[in-house]
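Q: Now for the letters of each chain:
Protein chains: 2
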Amino acid sequence: MAEEFAKGFATSYYDQFDRDRTGLATLYRDSSVLTFEGVQHVGVAAIVAKLKDLNERFSNVKHQVGVVDAQPTSTTPPGLFVLVTGLLIVDDGNPLQFSQAFHLIQEGENITVANDVFRLVYG
Amino acid sequence: MAEEFAKGFATSYYDQFDRDRTGLATLYRDSSVLTFEGVQHVGVAAIVAKLKDLNERFSNVKHQVGVVDAQPTSTTPPGLFVLVTGLLIVDDGNPLQFSQAFHLIQEGENITVANDVFRLVYG
Chain A
1 MAEEFAKGFA
11 TSYYDQFDRD
21 RTGLATLYRD
31 SSVLTFEGVQ
41 HVGVAAIVAK
51 LKDLNERFSN
61 VKHQVGVVDA
71 QPTSTTPPGL
81 FVLVTGLLIV
91 DDGNPLQFSQ
101 AFHLIQEGEN
111 ITVANDVFRL
121 VYG
Chain B
1 MAEEFAKGFA
11 TSYYDQFDRD
21 RTGLATLYRD
31 SSVLTFEGVQ
41 HVGVAAIVAK
51 LKDLNERFSN
61 VKHQVGVVDA
71 QPTSTTPPGL
81 FVLVTGLLIV
91 DDGNPLQFSQ
101 AFHLIQEGEN
111 ITVANDVFRL
121 VYG
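From first to last, the protein sequence lines are chains A and B. Residues in the first sequence are numbered consecutively from 1, following full-length UniProt numbering. Residues in the second sequence are numbered consecutively from 1, following full-length UniProt numbering.
Keep in mind the hints are simulated off the structure, nothing from the lab. Check before you lean on any hint, since a few could be wrong.
Identical copies carry no separate label here, and so any pair may be met within one copy or between two of them.
To be verified - Here are the simulated DMTMM-like pairs of lysine to aspartate or glutamate, each with C-alpha atoms no more than 25 angstroms apart in a straight line:
#	residue 1	residue 2
1	LYS7	GLU37
2	LYS50	GLU4
3	LYS50	GLU3
4	LYS52	GLU109
5	LYS52	ASP92
6	LYS62	GLU109
7	LYS7	ASP18
8	LYS62	GLU107
9	LYS7	GLU56
10	LYS52	ASP15
11	LYS52	GLU4
12	LYS62	ASP30
All chains should be modelled from the sequences, with the hints used to inform the complete structure.
A: Here it is, written out as structure tokens:
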């Protein structure tokens, strides 16, 4: 159940990322934290600014989701702890391995991203 | 602060793992969840059984921590959201890339592992 939900989340997230990253803004809140390649961005405004910056630097990005693992969290409010590994293809270059961990929390009917860490994994 | 703590945690965790995995038992609780290469183990007894099984199959394991990212969580009780990437060397074979995500929560004076996902990352 957690795994299925997380796989659906990952598919939607990367589809949106690869089409129009700024459309991810609705997933983040002012308490959300994104660490992208070691640099921390706190709150929806800073996170959207980072995503826009990526939009300007990389015109064509494609994620290929490899494996999605998910677990329910025991904290309040409830949520999901998710680790995605996969491949990232930037501007038709060689595929790069990435890992991205998400802490999703339930907010009424919505799922929001509370914590988000993205790292390229180099050989 | 979160980063420094998480780096210290990762160093201690993998030192203990590489010396005697069963010594990690004190970090887990009955609500803890470990997903190891896609298989979920819930609770300290199941997690320790998995670690013991690894002990029997791989005599000599060495983790080299690469990058540790950490963020505070906004849920209750408070904790840390951690992503580690690094290299794993098993029985003097070629290094394998791994990613491991931890959700650490504060329990009085102690830190416990609430969520733990380990994945080898293949090229």
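Q: Which of the numbered hints above does this structure break?
A: 4, 6, 8, 9, 11 and 12
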